[in-house]
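Number of protein chains: 2
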Amino acid sequence: MSGAKTRGAADIRLRGFSNRAPAAAVEQWIDAAAATLPAEEIDAAAAAGRVLASPLSAPWDWPPADRAIIDGYAVRAAETIGAGDYNPISLALAQAARPLAEGGAALVAAGLVPPRGTDAILPFEVAHAEGARLDIFAAAAAGAGIERQGQQIRRGGLLLPAGKLLRAQDAALLALFGIARVAVVRRPRIRLEIAGPKPLGEGLPGEANGPLLRHLIARDGGVVTEAPADAVIAVGRSAAGPDDAAPAALAAAGELAIHGVAMRPGGSAAFGRRGGVPAILLPGDPLACLAAYVLFAGRLVRRLAGRQARLPHPVREAELGKKIVSAVGLLDFQQVAFVDGRAEPHSSPEAGSLLSAVRADGFVLVPPESEGYAPGARVAVYLYES
Amino acid sequence: MSGAKTRGAADIRLRGFSNRAPAAAVEQWIDAAAATLPAEEIDAAAAAGRVLASPLSAPWDWPPADRAIIDGYAVRAAETIGAGDYNPISLALAQAARPLAEGGAALVAAGLVPPRGTDAILPFEVAHAEGARLDIFAAAAAGAGIERQGQQIRRGGLLLPAGKLLRAQDAALLALFGIARVAVVRRPRIRLEIAGPKPLGEGLPGEANGPLLRHLIARDGGVVTEAPADAVIAVGRSAAGPDDAAPAALAAAGELAIHGVAMRPGGSAAFGRRGGVPAILLPGDPLACLAAYVLFAGRLVRRLAGRQARLPHPVREAELGKKIVSAVGLLDFQQVAFVDGRAEPHSSPEAGSLLSAVRADGFVLVPPESEGYAPGARVAVYLYES
Numbered sequence: 406m407s408g409a410k411t412r413g414a415a416d417i418r419l420r421g422f423s424n425r426a427p428a429a430a431v432e433q434w435i436d437a438a439a440a441t442l443p444a445e446e447i448d449a450a451a452a453a454g455r456v457l458a459s460p461l462s463a464p465w466d467w468p469p470a471d472r473a474i475i476d477g478y479a480v481r482a483a484e485t486i487g488a489g490d491y492n493p494i495s496l497a498l499a500q501a502a503r504p505l506a507e508g509g510a511a512l513v514a515a516g517l518v519p520p521r522g523t524d525a526i527l528p529f530e531v532a533h534a535e536g537a538r539l540d541i542f543a544a545a546a547a548g549a550g551i552e553r554q555g556q557q558i559r560r561g562g563l564l565l566p567a568g569k570l571l572r573a574q575d576a577a578l579l580a581l582f583g584i585a586r587v588a589v590v591r592r593p594r595i596r597l598e599i600a601g602p603k604p605l606g607e608g609l610p611g612e613a614n615g616p617l618l619r620h621l622i623a624r625d626g627g628v629v630t631e632a633p634a635d636a637v638i639a640v641g642r643s644a645a646g647p648d649d650a651a652p653a654a655l656a657a658a659g660e661l662a663i664h665g666v667a668m669r670p671g672g673s674a675a676f677g678r679r680g681g682v683p684a685i686l687l688p689g690d691p692l693a694c695l696a697a698y699v700l701f702a703g704r705l706v707r708r709l710a711g712r713q714a715r716l717p718h719p720v721r722e723a724e725l726g727k728k729i730v731s732a733v734g735l736l737d738f739q740q741v742a743f744v745d746g747r748a749e750p751h752s753s754p755e756a757g758s759l760l761s762a763v764r765a766d767g768f769v770l771v772p773p774e775s776e777g778y779a780p781g782a783r784v785a786v787y788l789y790e791s
Numbered sequence: 406m407s408g409a410k411t412r413g414a415a416d417i418r419l420r421g422f423s424n425r426a427p428a429a430a431v432e433q434w435i436d437a438a439a440a441t442l443p444a445e446e447i448d449a450a451a452a453a454g455r456v457l458a459s460p461l462s463a464p465w466d467w468p469p470a471d472r473a474i475i476d477g478y479a480v481r482a483a484e485t486i487g488a489g490d491y492n493p494i495s496l497a498l499a500q501a502a503r504p505l506a507e508g509g510a511a512l513v514a515a516g517l518v519p520p521r522g523t524d525a526i527l528p529f530e531v532a533h534a535e536g537a538r539l540d541i542f543a544a545a546a547a548g549a550g551i552e553r554q555g556q557q558i559r560r561g562g563l564l565l566p567a568g569k570l571l572r573a574q575d576a577a578l579l580a581l582f583g584i585a586r587v588a589v590v591r592r593p594r595i596r597l598e599i600a601g602p603k604p605l606g607e608g609l610p611g612e613a614n615g616p617l618l619r620h621l622i623a624r625d626g627g628v629v630t631e632a633p634a635d636a637v638i639a640v641g642r643s644a645a646g647p648d649d650a651a652p653a654a655l656a657a658a659g660e661l662a663i664h665g666v667a668m669r670p671g672g673s674a675a676f677g678r679r680g681g682v683p684a685i686l687l688p689g690d691p692l693a694c695l696a697a698y699v700l701f702a703g704r705l706v707r708r709l710a711g712r713q714a715r716l717p718h719p720v721r722e723a724e725l726g727k728k729i730v731s732a733v734g735l736l737d738f739q740q741v742a743f744v745d746g747r748a749e750p751h752s753s754p755e756a757g758s759l760l761s762a763v764r765a766d767g768f769v770l771v772p773p774e775s776e777g778y779a780p781g782a783r784v785a786v787y788l789y790e791s
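Line by line, the protein sequences are chains A and B. Heads up: the first sequence begins at 406 in the working numbering, then just goes up one per residue. Heads up: the second sequence begins at 406 in the working numbering, then just goes up one per residue.
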């Protein structure tokens, strides 16, 4: 970051933005400013939703012993050849605990080790037990119904790669292998500073950006904290108005690297450093705050958390029901809702409010080079989901 | 549910399933057995991820007063007509706190109420202040840069509908309107009973189903609890082996309505009632447990939570890289991973283990009437995501 201060953004209060950074340049700045945090060791029971810091090898073969994978009768496959609906073969029922004698069969439950000498499990549906005699009505192929030791993975094989965001089944796998502690990327601690809303009536508006960001920061793997922090997200007073003191304060306290992004809404966002960590200023208008968090601050949190930097929203391709009008030179964060399966825009990015995002099912990103899309165009909708 | 007991499933231990219920019949049973739970009132700050129990009306107009939506100079639009780059018009800068005099302009910050008499805001970029004089270089259309009281929503208008799963921006909207308490659907309390794993080696396998299900139940809006509960999920000993006591125990303690589902894996799942609430028995094998939770138990939790019953996984349509072989008559829960953008199956549903789901990016549901799909076929992949 050396020299960044001299390249820093100027104070644009009462003058407005003379130029704004393209979104791609802001992404580059974020990727350079934030790398995956160091590891910490945690209980494996709390691992879901965390990012694995180091590759994990299988501490055992899996399964750790030959085991039945169906309920039924353990047999020697060779002794079942020729058995059929009209040609039953009789075997002698024996104890599952002992090695299987010739001509024998033993009741076995799925998941347990079959008796020594067994090489197949016949399901109940093709056998009939009468006292100590078992009539079987089908042949078994060698290996049927049995999973061999190490068949899924050998001891020392790669169980989970470093960088993996652990899902429910991945956390369950740790428990299955008896792994009690696991090294994961430390959660990014985000210091959240919120300038109060600008007053419009008695007690109104309420402060909406805190609830909004706490939820989104948690989704991206971060925790909101008091200092010390791994990054600062400050909200409000970021633009060019007479009360917009935040960018100049950031420049004075540290570094203001970028102020103003070629996007709508959220274009007054600023980026720099303070106290040795990356700092992002988000606009105070809640829709603009949402836009700048989604596109930039969320990426910073995910980078620190060791997650994929790209947007975490599921994407649905859809036909546009009504046209989207966009300004050339600006990336538009356009709210859309599905109406009869087609995506329809909600209010323009400049006239939207938090209500537009509440009424939306997702958003469309209209790139700077585009003037918008005609009805019927196919667009990628990034879905809002909790 | 009257008469269900007489239609109940028989004890099939050591005999196997003579018939299995189609998945659609199980879904119908779940939908009949579980309805949305009653409401509770909670702090709005904790509302994200909860389902709204009653429609919410706007307690105020939004915005609650006319407000500037850009930083700039408040003017009367009629007095700006004719202004241009080579034809500036001069206005007298005044205090924003006072009504605007004729020929006047006042500095105003985005988000605040502009002075009375104003009907447009001119951005800084087209104005130049020199002491008490403001030269403007562009005309403003009436209404530009101003949002009128009630423009987004009128007091009493529908803010959020009943049944809405509240996202970050929805929770933020409550804060914006100063709504402190909100009625949401009570979280389903799920009693989780886990039969230990069947031993295969010293301390192995570990108990994986608890970590798996706790995470999935939370995802679906439920909380794992000791009694009293809104539903019971019991895991293990659900099939037809000598040690599979769970279905008969359910029949003895309450009702066993369905035992056995035409699916792989997970086909030994059972459904009934115990202690006056729905009870589901899931297989103890972790992959089968995952399959039966995903397809059925998760639906029960979501129904109780007032959420959409359908699978919550994002769906990606993809081309199949390798064939999927499936058995006619069974719904297959087939693990797939993306390789070069194409979905490839992971081990067969009968020979899979939890590792198949760990190695998978998602799953494909192959309906009972299908023998599978050829390479190149388009399939819907339900994505695993945390």
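Any given hint could turn out to be false.
Since the list can't tell identical chains apart, any single copy or any two copies may satisfy a pair.
[What the hints assert, rightly or not] Straight-line C-alpha distance at most 25 angstroms; calculated SDA-like pairs for lysine to any residue:
1) K727 - P773
2) K603 - E432
3) K569 - A470
4) K569 - L788
5) K727 - I584
6) K728 - G561
7) K727 - G681
8) K603 - L770
9) K728 - A756
10) K727 - E607
11) K569 - V531
12) K727 - A654
13) K727 - G746
14) K569 - A653
15) K728 - A506
16) K569 - E749
17) K727 - V531
18) K603 - A470
19) K728 - L770
20) K569 - R619
21) K569 - S775
22) K569 - F743
These are computed hints drawn from the structure, not numbers from a lab. If you're wondering where the values come from, they're calculated on a predicted model, not measured in any experiment.
List of violated hint numbers, smallest to largest | 2, 3, 5, 6, 7, 8, 10, 11, 12, 14, 15, 17, 21
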